[in-house]
Amino acid sequence: MQLRAENISRRYFRKHGEANFFEAVRSVSLTLESGKLTVLNGKSGSGKTTLLNMIGGLLNPSEGKVFLDETDLYALEDKDLSRLRSKRIGVIPQGRSAVDTLSVYENILLPGMLYGGTLRTEEAENWMTVLGISDLRNAMPAELSGGELRRMAIARTLTASPEVILADEPTGDLDNENTRTVLTAFQQAAKAGKAVLVVSHETDAEAYADQILHMSHGTIE
Amino acid sequence: MKKNAFCGILLILAAVIALGSVTVLGPCVHEDGSEALCTGAGRAVFWSGCALAALAILILFIRKHSARIVLFFLSLCSAAAGMMFPGIVFPLCRMNTMHCRAVMQPAMIILFAFALIVSAGGIIVERNRIRRESV
Amino acid sequence: MKHFSLMIRNLSRRPGRTTSLILLTAFLAISVFCGTIVVSSLRRGLSSMENRLGADIIVVPAEAESKVSMKNLLLQGTIGTFYMDASALEKVRETEGVEKASAQIFLSSMKADCCSVKVQVIGFDPENDFVVQPWIAESLNHPLGDMEVVVGCRVETDVGNSFRIYDKSCRVAAKLASTGTGLDTAVYCNMNTIHVLLQAAEEKEISHKIDSGNDSEVVSAVYVKVLPETDPALVNNRLNGHVRKATAIRTAGMMTEVADSLSGVSRTIAVLICAVWILALIILFIVFSMMVNERRRELAVYRLLGMSRKMMSGMILKETALCSFTGALCGTALGAILVFPFTALIETSLKLPYLTPDPGSIVFYACFAIAVTILVGCAAAARTAFRLSRVDPGTTLREGA
Numbered sequence: 001m002q003l004r005a006e007n008i009s010r011r012y013f014r015k016h017g018e019a020n021f022f023e024a025v026r027s028v029s030l031t032l033e034s035g036k037l038t039v040l041n042g043k044s045g046s047g048k049t050t051l052l053n054m055i056g057g058l059l060n061p062s063e064g065k066v067f068l069d070e071t072d073l074y075a076l077e078d079k080d081l082s083r084l085r086s087k088r089i090g091v092i093p094q095g096r097s098a099v100d101t102l103s104v105y106e107n108i109l110l111p112g113m114l115y116g117g118t119l120r121t122e123e124a125e126n127w128m129t130v131l132g133i134s135d136l137r138n139a140m141p142a143e144l145s146g147g148e149l150r151r152m153a154i155a156r157t158l159t160a161s162p163e164v165i166l167a168d169e170p171t172g173d174l175d176n177e178n179t180r181t182v183l184t185a186f187q188q189a190a191k192a193g194k195a196v197l198v199v200s201h202e203t204d205a206e207a208y209a210d211q212i213l214h215m216s217h218g219t220i221e
Numbered sequence: 222m223k224k225n226a227f228c229g230i231l232l233i234l235a236a237v238i239a240l241g242s243v244t245v246l247g248p249c250v251h252e253d254g255s256e257a258l259c260t261g262a263g264r265a266v267f268w269s270g271c272a273l274a275a276l277a278i279l280i281l282f283i284r285k286h287s288a289r290i291v292l293f294f295l296s297l298c299s300a301a302a303g304m305m306f307p308g309i310v311f312p313l314c315r316m317n318t319m320h321c322r323a324v325m326q327p328a329m330i331i332l333f334a335f336a337l338i339v340s341a342g343g344i345i346v347e348r349n350r351i352r353r354e355s356v
Numbered sequence: 357m358k359h360f361s362l363m364i365r366n367l368s369r370r371p372g373r374t375t376s377l378i379l380l381t382a383f384l385a386i387s388v389f390c391g392t393i394v395v396s397s398l399r400r401g402l403s404s405m406e407n408r409l410g411a412d413i414i415v416v417p418a419e420a421e422s423k424v425s426m427k428n429l430l431l432q433g434t435i436g437t438f439y440m441d442a443s444a445l446e447k448v449r450e451t452e453g454v455e456k457a458s459a460q461i462f463l464s465s466m467k468a469d470c471c472s473v474k475v476q477v478i479g480f481d482p483e484n485d486f487v488v489q490p491w492i493a494e495s496l497n498h499p500l501g502d503m504e505v506v507v508g509c510r511v512e513t514d515v516g517n518s519f520r521i522y523d524k525s526c527r528v529a530a531k532l533a534s535t536g537t538g539l540d541t542a543v544y545c546n547m548n549t550i551h552v553l554l555q556a557a558e559e560k561e562i563s564h565k566i567d568s569g570n571d572s573e574v575v576s577a578v579y580v581k582v583l584p585e586t587d588p589a590l591v592n593n594r595l596n597g598h599v600r601k602a603t604a605i606r607t608a609g610m611m612t613e614v615a616d617s618l619s620g621v622s623r624t625i626a627v628l629i630c631a632v633w634i635l636a637l638i639i640l641f642i643v644f645s646m647m648v649n650e651r652r653r654e655l656a657v658y659r660l661l662g663m664s665r666k667m668m669s670g671m672i673l674k675e676t677a678l679c680s681f682t683g684a685l686c687g688t689a690l691g692a693i694l695v696f697p698f699t700a701l702i703e704t705s706l707k708l709p710y711l712t713p714d715p716g717s718i719v720f721y722a723c724f725a726i727a728v729t730i731l732v733g734c735a736a737a738a739r740t741a742f743r744l745s746r747v748d749p750g751t752t753l754r755e756g757a
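For the protein sequence lines, the chains are Z, P and Y, in the order given. Going by the working numbering, the letters in the first sequence line up with residues 1 to 221, in that order. Going by the working numbering, the letters in the second sequence line up with residues 222 to 356, in that order. Going by the working numbering, the letters in the third sequence line up with residues 357 to 757, in that order.
Heads up, a few of these hints could be off.
Restricting the straight-line Cα-Cα distance to at most 16 Å, the calculated cross-link-like pairs of lysine to aspartate or glutamate (EDC-like) are [what the hints assert, rightly or not]:
#	chain 1	residue 1	chain 2	residue 2
1	Y	531	Y	494
2	Y	601	Y	441
3	Y	666	Z	78
4	Y	666	Z	77
5	Y	666	Z	80
6	Z	43	Z	204
7	Y	456	Y	585
8	Z	36	Z	210
9	Y	524	Y	504
Partner residues are not named here, just some residues of chain Y that face chain P (Cβ under 8 Å, in silico) [as the list claims (entries may be wrong)]:
#	residue
10	511
11	513
12	514
13	693
14	697
15	700
16	704
17	734
These are computed hints drawn from the structure, not numbers from a lab. The beta-carbon is built from N, C-alpha and C at its ideal position, and this holds for glycine as well.
So that you can see chain Z by itself, here it is in the shape it has in the complex (with noise of 0.2 Å):
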């Protein structure tokens, strides 16, 4: 399985200011390969999260393209890249995103029940207790913190297996204890032969990575 980003950039419109357009992500060419914990570094503002949400499904880029093995994932229908991301790509963004009025356990097997089939439910259950949230399954988001919510994020898109998974600062909210946990958890998906992206501007993910890639300007140097 690969993913490939050929030569993609997004210019985003201004309304003020001097140029009337500025470039978040300019003519950046990346391959994540099964197997393989990837770590994107670079300065806030470098354009990091653009590309993770173009390569993600998430946002159309102004130029060039975005294959899943063959499949350009642009030139699907809205359906048919929604059921794809669903099925193999997992997103961890770097705000909350949990649904407010579902508990925990039910956010976390909220990827399973969108499309019907069967619920993870024993995934979900290993992962909350490797991620040390398995005391909060029936908390509702608004009683967590900020780094319980994050985990609760890394532990559905875990739970939900998907081929590839791209994590916005997934370790921001986190101490160093669960910084560690997390990034373990990255690597052993990465063994099991999913493809991981791990962005952040910090360096503590460098360590268990197999590739870093760094940003700068919306370029990849």
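Following the hints, put chains P and Y in place on chain Z, whose structure we already have.
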């Protein structure tokens, strides 16, 4: 507040029944001041409303769940009886267009039916509380 | 099934939002259901009155109109006792253009043991009556005998019971079907019986003021059917000229008056329903617009996890439809509680013929109210569903992270 929601609603319904039965929801009144055939039904409804109000006030002040169940059951019986007072137990005037038949009877049946549902709800809630406390 | 349970969780864990949606839609359903039932009852009442009246012209004593309006006598059962010489019937029959003429005698009972108030007793001649008999025939399969009465549906007594008027016992031979008019509160008997009752009233010194002397030589009203293809207005004028001390009134005029009042009431109800709907729609749009901001983040998560735009719009619309259905069901039930037990009150308040529709029509109107409410709820939510389905999950989830 939640604990007394049912008896609060019951008290409001009882007050509407009792006050209604002596005002707009009451029996027919003859121009010459003489008693109509439905006056007895009106009185019975008034006293049923008073009984319901008294029971609701008692429930408000009693904490013991079993005693509250008994009182809710009594209010359920009063409401059931109240529903039958106008027209079945006590006679009403014989013309459907008269006030007692056009207003008092339907209004009282609806109000007593609500009181009956609220009382039944109160019994269920109190029983659940007993069960939860015994666990 | 999993989607459905997700929907139920979303709704039950946002009780404030869900309750306000249910209440609003219930409000809509009440207005549609009650409005439709009242308007259709009025229409049915009018058509029933037209069917029952059967006569083109009514001839009454000249002073009758000052005593009581014929419209009120028919619509509200207002008691009317007025008499004229029985020779008026013959004079009417002699008039050119008259096909049939039938006399009736009115008597108001005192506080009869039947009731706490007076009832209108109407005596008719079974041999040449064409007004009451066809209608009575629906409930009675033999000629009405002496000291037998037929009661309107709103008189609370049963067939076979005895009915005392002026201490004379009459047997209830039949009970009539509802007409939605004042005729529902009347008691009908034949001419022999009404004369016995008139005699009894006089014996009890109840002054009905029969100016014409002998009570067997009086009538209260003569109902006239004009010959086919004859202008009733012309016959009416002839009757006014030919029959002394009497006034001929065209029933068509009466019906037009009633129909005008009915259309006035219908218009008022329609305006009220429109006002309620506009208000409720504005509130619904505001509620849904507020929901766009409230649910943006939640729906961005669904989108992130792989929900398609179509599925998201569908989920919002299904949630709204579920709330609207619950509200519509509660509203229709509440509307039924308001409108059916108080039929008599509505009828007396509107002072118009009022006949509740048959059960089949009621079920149809209930389904109509529920369907319309669900449609309106979903239409109000459609714009919100569209806007929310366009949420960009990447940007939304980063906002205020």
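| message | I'd like to know which numbered hints this structure contradicts. Please list them from smallest to largest. | response | 12 and 17
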